[in-house]
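For chain A, the structure is supplied; the task is to place chains B, C and D on it using the hints.
4 protein chains.
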Amino acid sequence: MKATPYRRGFASDNNAGIHPDVLNAIFDANSGHTRAYGDDTYTESAVNKFKAHFGNDIEVYFVYNGTGANVLGINAATDSYHAVICANTAHIHVDECGAPERFTGCKLLAVSTPDGKLSVDGIKPHMHGFGVEHHAQPKVVSITQATELGTVYRPEEIAELSKFVHENGMLLHMDGARLANAAVFLDSELRAITKDVGVDVLSFGGTKNGIMVGEAVVFFNRKLARNFKYLRKQGMQLASKMRFISVQFDALLSNDLWRKNAAHSNRMAKRLSREVKKLPGIRITQPVEANGIFIKVPQDKISVMQSERFFYVWNEETSEVRWMTSFDTTEEDILSFVDFLKKNLT
Amino acid sequence: MKATPYRRGFASDNNAGIHPDVLNAIFDANSGHTRAYGDDTYTESAVNKFKAHFGNDIEVYFVYNGTGANVLGINAATDSYHAVICANTAHIHVDECGAPERFTGCKLLAVSTPDGKLSVDGIKPHMHGFGVEHHAQPKVVSITQATELGTVYRPEEIAELSKFVHENGMLLHMDGARLANAAVFLDSELRAITKDVGVDVLSFGGTKNGIMVGEAVVFFNRKLARNFKYLRKQGMQLASKMRFISVQFDALLSNDLWRKNAAHSNRMAKRLSREVKKLPGIRITQPVEANGIFIKVPQDKISVMQSERFFYVWNEETSEVRWMTSFDTTEEDILSFVDFLKKNLT
Amino acid sequence: MKATPYRRGFASDNNAGIHPDVLNAIFDANSGHTRAYGDDTYTESAVNKFKAHFGNDIEVYFVYNGTGANVLGINAATDSYHAVICANTAHIHVDECGAPERFTGCKLLAVSTPDGKLSVDGIKPHMHGFGVEHHAQPKVVSITQATELGTVYRPEEIAELSKFVHENGMLLHMDGARLANAAVFLDSELRAITKDVGVDVLSFGGTKNGIMVGEAVVFFNRKLARNFKYLRKQGMQLASKMRFISVQFDALLSNDLWRKNAAHSNRMAKRLSREVKKLPGIRITQPVEANGIFIKVPQDKISVMQSERFFYVWNEETSEVRWMTSFDTTEEDILSFVDFLKKNLT
Amino acid sequence: MKATPYRRGFASDNNAGIHPDVLNAIFDANSGHTRAYGDDTYTESAVNKFKAHFGNDIEVYFVYNGTGANVLGINAATDSYHAVICANTAHIHVDECGAPERFTGCKLLAVSTPDGKLSVDGIKPHMHGFGVEHHAQPKVVSITQATELGTVYRPEEIAELSKFVHENGMLLHMDGARLANAAVFLDSELRAITKDVGVDVLSFGGTKNGIMVGEAVVFFNRKLARNFKYLRKQGMQLASKMRFISVQFDALLSNDLWRKNAAHSNRMAKRLSREVKKLPGIRITQPVEANGIFIKVPQDKISVMQSERFFYVWNEETSEVRWMTSFDTTEEDILSFVDFLKKNLT
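Chains as they are written, first to last, in this note's numbering: chain A, 1 to 346; chain B, 1001 to 1346; chain C, 2001 to 2346; chain D, 3001 to 3346.
Keep in mind that the hints were calculated from the coordinates and are not lab data. On a predicted model such as this, the values are computed, not experimentally measured, just so you know. Heads up, the beta-carbon is just placed ideally off N, CA and C, and yes, glycines get one too. Check before you lean on any hint, since a few could be wrong.
Stated by the list, open to error - Examples of chain D residues lying across from chain B (beta carbon under 7 Å, computed):
#1 Asp3095
#2 Cys3097
#3 Gly3098
#4 Glu3101
#5 Arg3102
#6 Lys3107
#7 Phe3130
#8 Gly3131
#9 His3134
Isolated chain A, as found in the complex (with noise of 0.2 Å):
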């Protein structure tokens, strides 16, 4: 069936396509009988490009989305008594719907900040009650990376709370749905704002950066990692046919295309916050950083502003609203959304 696809907007990156390269990655794949569950050849290959980016001394386990590669990888992490400590714009704690509650059994704990970062003096009023059976332990400190505001960790500061965590006998988790992103920002290789800066558990994303279905769990700690095959196939992250996953992530780390994808990404954010932060009557409220922009804008103008181009209202009540670029956002939509908005706002 043929749908009428709606007009790119600045929703989110997850209502962009599949990036071309990808899709001819699995038809490419299509041919023939493979072992289901990864024990295949595609599964391998693309478990060793994880490998040339971070290292042979990690783990690699693909599941279908965010939330299943979050809460797995907490999980790994935890037992059921612990408590996370995590951001309160955290996708784990307001866009799962209590899943990482449900699964692991563990509190999450939020810490309000300004910019979606946590630091080590945001997280020390919840770095207390250690031994004690009363409390839910603090075991996993959880960052997103890029933020879900649009701003991304230096890895100086990723380093700060990792040597933090660790002194305290505690755990590192990234949620990496937007990692390719920070990288680009930070003019970084992956690992050196994972790996080498003491994470210990990411989830690597791929949905928000140009493939269709499929996130992966990474172990730098591979301990924890020791019986996540069990936990996968339980949390009902086990595709049989996982060879059209794998494909999509090999894909995504070759030629260079996930930097790509998010490159241009970031660059249609940046271009787009330029041209606007001119106009009246509108207010930038984060350093643009990623593909995301968040930006007050006149309350009685949204409306109009959606139906040119969708996007979702981030605060109803400060009038902000974000607007994310994607892979396929094109100059051409930047410029007649400026357009637009000059013709609009004024």
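Quick look at chains B, C and D alone, frame taken from chain A:
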């Protein structure tokens, strides 16, 4: 990356790839933006295809895989203190690593059956303790169509079960991972062996019949679906780029593709079984009604047979193996394997 | 065996023993056989005592402890994808080792409060995302009466909360571990500050008011109790020799014992607070309304004070400590401690 | 309140009251304050009594009841993707309303047995799928001593089981709700039929042998106890006024009370069985080794027998009933019941 695929074997219908029609549907949907999480016209169209088959008074939700569909469908039908009665061969009992117990809290009560099929007499011994708080309360009977042993419930068998189940205040769940194969065997429409004979909630399989990734939970008892969207999200089974799951089902339910694929697969199984049953030292142990053949073979020949065409041993002690055919099994696959067997079994 | 008991201190009301009337009731019930699990006349009598206080249209279930009562009461009011809003000082949030999350699957949303009390304004920021599957759905507001900070909700405060909560399709849970102390402070009947002001489900405390072991879950919203007996059993909170739990509550609710115990305890707290507030270097930080005193003391005096009469430090950073009185605190305990403070604080 | 107790019957050993020595111990401990949650000298003393019986290299934790002890003991020995093998008569399987599944996430695999006892041959059919992620991984074998059918494992039977279990990397759990009755039957010390024959974790029963409330989880495999305090708290099984649980066990393990109570109870069962086996229309179906008698009686006599001395029907279809004796059963109870039977069965 180009891996050398395994030769087509008889390991499982999920070792096959994607039917071209399904892959084309993904290609065709890969244009522009759509809202994420199923709020799109592709998903609407796919749901309508289900309604064309099952009637308008149903609810349909797409999830990632069979385990997800089974666990969440049962979750929607139960409270944590309930029990689920199933065959001791049921996928939910032996192939989901305890996901049903962990996610729903329910106890599974397994009934020993010779042919993978439950009957009223088989479930009766578990129908006690109602109202007694010490006992997990039987609430769901779960059947698999076609069964894990390649047998098929007749519509009147399902009707008898559902009548008994409903009379006892319980609900009937069907794991329809191979529902299409059953419908073809019975020369039946899909609804005639599900909704029309009293099934309350169905896991509608796709992956084993030619799609890439996806399964549908179909509620005929719509009350059970009331809060299902939350269970799906919390259950880590909500796809962001949903359109690419939806269009696969749209394709599967268009042009009778579901039926053609299953018919082919069944035919190949029948053909293979006809050829091999004349061979010495072989005994087919279950009626070949869908696309699986259960067969005792000489213990010392298994390895060489597996190296020719891969398959799984079902029961090491009894030397019983399983051969599954799929939508892409060719006559040549059958004939060359039979040839091989003739040469090697005698 | 005869251990040397600690000297009576101000650590907690659960450091006290059993009130003689309660222990006598256990003695008196220790004759002959009764059916187990609550199907006995002792339990019937105890339930009737609750009905005399709260009206006949309630359901009462005895459990082992406060954590059990809170978790199971909330469990009865929620599905796994719900959220529970509570104060950041709430016992369910900071003192139950994540039991609510693990057992119910729900997310806890903690509101920062100066005095342990929730208000409509305080919970409003969490009242969003209704109907959106990505967000745990707010379903229960849980308040503690008296609060963990020794403050007491006025009936009209509870009424305002329950009105708001019910208007939003939610439910009001009360952790009444020290409900008796609140009732005494308010010079109120038990039902006037619970059922009559809109509480749906109450954890009725016993252990902190003179009984040995036990807590009651009291449903004013009886629909919530429909399947509670299963939750209690599955929640490992069903006592076999129930009569010995029941008679404790029977005694507590007879002859105004609950009131006398709480009145004494409150009076002792008031007395102690009156005496110490004149002392130098001391600042009482919360209104002394129930049986707890929160008080800043000189950091360097804490150890010596604890060795005289044991108590817990509430907040190491601010040098704030907590003194709890109990039904068996004597005037001599108060006076001798005050004497000691006078000598040691100056 | 004074209820009329039921006449002593043969319903269950938990229909009995509290042994006077136990109640006196509670009385004696009811003086002054102690720290809550087990940090007290009464608890220390009780733990030392356990060590006197079982050796110093154990860990002991008191909980509220048998379900709590079983579920938490198993929880300490498993991950969520594990399976627990038990008899199909096991309390954890048929009498705990699915608490093990819900709290641990594990699958229970029930073995059909004629006498309530597991054997190596009985559990072998479930010993497969190790290392295969689709299958819940067998990790614990749970046996009940004495069994729910009143039979008793010989030490060598347990040793054989534990050897097999350990050779397969698994653990042995014992539900010892009636361990004392088994020890008396075997004329054995407690450790000789638990720790010395390879049990890893034991639920040590008290309630069925004369105490009021409480059960102990005893770890012989101390590694399993490492984080048990958190599991106990999160499992809602941590008593605040712990001393009153502890002193009951202290009394039970002093002056051979555990043995005297169990010996009396066993003797009464033996006596009753001797008397009734000569009666017409009666068939004792299990060896009377502990304090339970399983016996087929004429269907039409059950009601009148129950009205004389209450007991439970074990199996309606086979007209099999269960008579349990307890520490307070008197010879007169036996003789008058036998008299009654003589008059009414002939």
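For each hint given before, does the structure comply? Return the numbers of the non-compliant ones in rising order.
Checked against the structure, the hints that fail are numbers 7, 8, while the rest are satisfied.
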